[in-house]
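Q: Under our numbering, the first residue of the sequence shown is numbered 1, with each subsequent residue one higher.
It should be emphasised that the hints constitute simulated quantities derived from the structure, not laboratory data. Model, not experiment: these values are computed from the prediction. Treat each hint with caution, since some may be false.
[What the hints assert, rightly or not] Quick list of simulated restraints, FRET-style, between CB atoms: (1) G145 / G69: 25 to 33 Å; (2) T39 / A148: 21 to 29 Å; (3) H84 / D179: 20 to 28 Å.
Where a beta carbon is used, it is the ideal one built from N, C-alpha and C, also for glycine.
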Amino acid sequence: VVAHQVTGIVVQAQAALAVARADPERTTEALAAIEAAGTEALAGMRRMVGAIRDEHGDGEPAPLTVPYGLDDIPTLVDRFDPGHERTTLHLEDADAPLPPGVGESAYRVVREALTNARKHAPDGTTAVSVRVVDAELLLEIENDGVRAGSREEGAAGFGLTGLSERVTALGGAMRAGADTPDTWTVSVTLPLEPQR
1 VVAHQVTGIV VQAQAALAVA RADPERTTEA LAAIEAAGTE ALAGMRRMVG
51 AIRDEHGDGE PAPLTVPYGL DDIPTLVDRF DPGHERTTLH LEDADAPLPP
101 GVGESAYRVV REALTNARKH APDGTTAVSV RVVDAELLLE IENDGVRAGS
151 REEGAAGFGL TGLSERVTAL GGAMRAGADT PDTWTVSVTL PLEPQR
């Protein structure tokens, strides 16, 4: 989790350097996003070290991750694209009751997809859709502007692999891949009813 956050910080710093001279206002927004991501990474490290040392003192295991949910996704999108110049969000039923792990997994899917979009398609547009249909949570993150050669066949990173394993463990399904040479789509279905 922390490695992913640090990767996001590096990508945001690279974006800030790219626009520093031409658009100082966007540089300020990128620096604010870097600060927020850095603070989140430090908090995650403190929790993990506390769990390892068992210094929290109440005898209960410390949470290893922040319990994110669907209602945290708008803030996440704002952090990646403060002005929503290249990103749209369609979020339905953000307060829907979810089984354990589903909301956090959805948040992490969106975060990984946004990080990859910024890395592989920094000038493209991204559409994020999160909605409940019947007894399933459907996530779709589509982006265009993928640079030639930035996605080699079979070169899925550990982030997508880990997410796929997490989604499968919750009884869901995930697909990530190119629809056309310059696009990329991550689609996830997570069940909202207990699995038998």
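Q: Looking back at the hints listed earlier, which ones does the structure fail to meet?
A: 2
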